[in-house]
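Reassemble the complex: the two chains are provided individually, in unrelated frames, and hints are given to aid placement.
Now for the letters of each chain:
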Amino acid sequence: MSDDELVLKVEDLVTNFYTYEGVVKALDGVNLFLRKGDTMGLVGETGCGKSVTARSILRLVEPPGRIEGGRILLYVPNEESGNVEEVDLLKLSEEDMLHVRGRLVSIVFQDPATFPNPVFTIGDQIAEVVMLHQDLRKEALEIRIEELRNALDKLEGKGGLVSSTRREKIRERLAHYESQLDDPPEPDPKYKKKAALKIAEDMLRLVKMPAPDKVMMQYPHELSGGMRQRALIAMALACNPLILICDEATTALDVTVQAQVLNLLNELKKEVGTSIIIITHDMGVVAETCSWVTVMYAGTTVESCATEELFYNPRHPYTAGLLTAVPKLHENRERLPQIRGSVPNLITPPPGCRFHPRCDYATGICETEKPHLKEISPGHWVACHHPLPDKGGKR
Amino acid sequence: MRLRDFIIRRILLAIPVVFGVLTITWFLSHMVGDPVVMYINTNTPASAIPGIIRSHGLDQPPHIQYFIYLNNLFHGDWGESTSMSFRPVTEVIAQRFPATIELALVAMVFAVLLGIPLGIISATRKDQMIDHFTRIFSLAGVSMPIFWFAIMLKYVLYYQLAIMGLPHLPGGYRYDSNRFYWFQYTTGFILIDSLVYAHSIPLFVDALTHLVMPGFCLGYLTMAIITRMMRSSMLEVLREDYITLARAKGLSEKVVIYRHALRNALIPTVTVIGLAFGGLMTGAVLTETIFQWHGLGQWAVSAILSADLAAINGFTLLVALIFVTANLIVDLVYGTLDPRIRFG
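If you read the protein sequences in the order shown, they are chains A and B. Under this note's numbering, the first sequence has 382 at position 382, and the numbering climbs by one with no breaks. Under this note's numbering, the second sequence has 309 at position 309, and the numbering climbs by one with no breaks.
Hints are computed from structural coordinates only; laboratory data are not their basis. Beta carbons are placed, not taken as given, at the ideal position from N, Cα and C, and that holds for glycine. Treat each hint with caution, since some may be false.
[Claimed, not checked] Stretches of chain A that chain B covers, calculated by requiring three or more beta carbons in the stretch to come under 8 Å of a beta carbon on chain B:
id, region
1, 100 to 111
2, 123 to 134
[Stated by the list, open to error] Partial pick of chain A residues on the chain B-facing surface, computed with a CB cut under 7 Å:
id, residue
3, 17
4, 60
5, 117
6, 221
One chain only, chain B, in its complex shape (with noise of 0.2 Å):
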């Protein structure tokens, strides 16, 4: 049971680190202004004001706010988002949560699925032509900023297409609502919901085609540095005494690179897997701003600029939990990959 003893350690450990995202948070956040402004808008007569700060424990001092915060966060109370028609944060999470999700996995399968066989390729084919341009691609993934990028990504494939008359790729959302007006998420995730609860196939193609712009966009950073990460990891193994054992038991360089080298190689790749989830969720905030995907990064650029502070809380702490999950995660990938790791 050293699994299991492990991955309870594991969780005890991550208690600390978000107990200390949340405090961090909390504070920055009600350093940054009053806080009531938050609760009230042009109109709310100057009369009403000091009601409203009583009302909601403004008047006490920080320390006191803080404890009050922590009692209703574990009583399930992550507080209301003022930026969404006041509507418990947990909700509004509930509600985009899926949204989001959908959009990075589908970004990380696009960044798995090209970045490992482009890192080998790379690799394998050191300083030949193939390397040279699968080495400019990534190196422009990394440098080009997101937001940039998905502004071009959507001038080019969706507008400039557009006008032209061309057949192009949906701008934004996550499904034509004029086509599939009839639609209703049941879970959320709507690349499940068309098939399983609408039996709609055209539906699930059009909402595939809307993933496809921001799912890239979003996937390409991390592609890049899966490439990256993948190539340098690669050419070190292949370096390695025991590639030139496998060669002499004359097994095909195929069976070399691929059963000796590559599970070798994806280790330090797996770190990295792991790490860049997290930073997918930094990035969507932008690509579901641009591609009005209605997600949890959307919502969290629309609190920041409305100065909603539960919002604001609530997204920072459920960003830590991801990351410290894909942690988790990604110890135990090691473990499989890895057997000189050894839990417990």
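Extracted from the complex, chain A is given alone in its bound form (with noise of 0.2 Å):
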């Protein structure tokens, strides 16, 4: 795999916590990446280290965390030379940091009811991120330009000399706002925010919010759940982001909203033209939206393929674990199988590596060496020292 088709690429990414009972390992070792346009879904059990590791990628780990190590190269294409840059996001200063987020990555939170600002307008919330990280000079000159013209068309065809001169006055300044419209001022905040709230507006159409022009002027508290995960997509994706990060996005959300908000967003991804990383721990979600799946375990990557080839052929004895609990509806069973024992303590993780303890397959290395993110086949990774046989072409 060539790194140019790559837009982000995390590599050995490490996040600590530090508590009263000692330091939470957190993530030890996270490898992944992410192609131009795919649908990448992280999918691992409850605390398994996937929304740190996106706030990681953020770098929006709150202390007592703090990221240790490692490195998330973001690859950003130049508008002017047409060159990809290659960004290291932990090394970016904070200042540097405030343009990556919500400009070139954006995230969408699990749960719609808590993180929106209960006392703004959806409308404002939405365009103070757009006046934040969009240059708004000829969006804002054009919203004057029109409302001139509309001013003039309102004395048009009025008599008497105070509207002759009135419509003097107002084609005078339409000439000279006109004439700046190659080269345009920095705008009047107040226009600046007329064309923030107006792309808004557009957002909230892009998201089928329905009544987009009334749920600008309502609060969150006044929308369902649906639609305020629509508006906070609408935010996210409001500065055409490099990469939207959904962080359980749609578990918060019954099934039938939870349908909506994805095939929007595999629309929009068309539209747009983002890349989307969607973590959730549910199969079924990642079955249906997603290209590529990358398994998390207990902090660590240990499978990172194409969806199917998941599916049908998993090689990390984790992730094949893991698709025989899936319940499935040609199947009659009294009990789910289940992977033995439970996930293990972040203060305390089992040496070498994290599963071993778990696994049928371990042997004296695994308690001792940990496996490295390694492609075993062509385009799938397995961070493991025994993977399971290739079942190849069984689909």
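Okay, here's the thing in structure tokens:
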């Protein structure tokens, strides 16, 4: 795989939390990559570090958490030269990071009930991010010109000296602003806000919000969960980010709304050209929407491959166990199979491979040596000393 | 017109509250002793006492006296303040009210302008040196009795500085009456009168320096409460999910705190500010006495000491009215801060 089609590459990411009970080694060498235009599923059970990975990518890990090592490489196309620049997010200053968040990498969080700010209207909250990251000089000037044209239309056909002098004045100003169109000046804050609100309304229309003009003026508590999640998606997509991370974005929604939101994401990806990371523990969501899957276990990446490949040909014992635990409609079972043991305590994780105490294939090497993510067959990465045999063509 | 309905409903609800206050104070004040004491002194001949009792209706049963009191009250007659040479209570209130309100407002300005920023700084720099200092500063405010603090302030900033011949703050009164002997009150608010009616900048400055110490003293407790409230609600808000979202948008820490967190954190603080305004009226009783401030508080103290029942009842009723009004204002401010609260 050549690097030029990548948009994100995370290498050996380490994040620890310093709690009173001890150091929680939440992420211990996470590796993942995201190709341009792909939708990647990041799956794993609760507490395996999916959300911490997402927050680490945005460097939003709050104290007592700290990112301790690794590289987060973002491939940013340079609009002037047409080249792609490689940026290590962990090396950026906090100030530069502000230009990444919401602009290059956006995130939609799990709970639409608590994430919008309750005291601002939806319109204001979307417009805020637009004003922050977009150059609105042209849009603001266009709005001003349009307003003047409307005023002129109103005066049209009215006689009298007063309206003719006012018409003259408006024409003068209109000509003045139109001459600026090639190189618009820094806009008046009032018009900048108007331009941002217009973009915000367009975004709401894009995410298929019913009655977007009305929703613009409404507060989060006046909307349903599904509508709020749409608004949050609109907010995240408002600046055409390179990457959209959906951190359990559909988990809090009921199944019908969930399906709508997932369809929406798939459509938007084509329209906006954003690459998406979907964090979930729902295998159905992965099968439905993702073209690539990365499986995490206890703070490490264990397997990464195309979705079909993963479902038909899992090579890591953990992934295989996870898949057999998914209930199937055509089987009639009393009990679902489960992986023996339980998730390790991340303050004292098992040495070597973090999965070895629960693994049926573990040997001596698994207890001492940490397996690294390797491409064991074309397009299939696994971190395991004893990967399961390739089942090949069983599709 | 939901806002209008809301205000009307709140005013109607305030009626039983005020009625309860005046009933309880009337009965309590008439329980402490023979009310005739108000109208006599050591020189009153014993033979005159039955006439005084009859003329003030004190020979009537208590409930009749109470209804006479209510009747007079609603006709605008709040009784006579015996400790103020039998002037009508309403007249004394009208004369002294501006002094107290002026002091309370200055105290409030102190408290809000210092308390809110200190609370924010303390919360955003949690467990750093400045946070510890702020917490000690505000803890001192809530633990010190106001009369003690007032005396200490006066002792150091007025008395000690004065005997050392250093520049000092005035120790009492609203202005220097020797220097500005010609001054007459118009509205009763000295900061307004000095500028608008007397056109005298020196008088205005003099009045301000007289306000500093009592104003700060009275406001310190309120400031401490506001600081502590602001700190804890800010800390709580900063843990909310919408703050994470604001950061994920790429907003700078300053914008996150002052735009997204502050407005949410102010909601509980505003409640405290409203309640504290009533508390300021109580605090004014002690502060005014120590700083010879000719306001309602000083009058209330002398009324209590000389069993001036009409004055005590009048003062209590006024404080109750102020409390009710302050709470109404707080509820209205709520609505503008928090869109989830709808009137009606």
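Tested hints:
1. 100 to 111: holds (count 8)
2. 123 to 134: holds (count 4)
3. 17: 15 Å, violated
4. 60: 6 Å, holds
5. 117: 4 Å, holds
6. 221: Holds - the Cβ of residue 221 of chain A comes within 7 Å of chain B, reaching about 5 Å at its closest.
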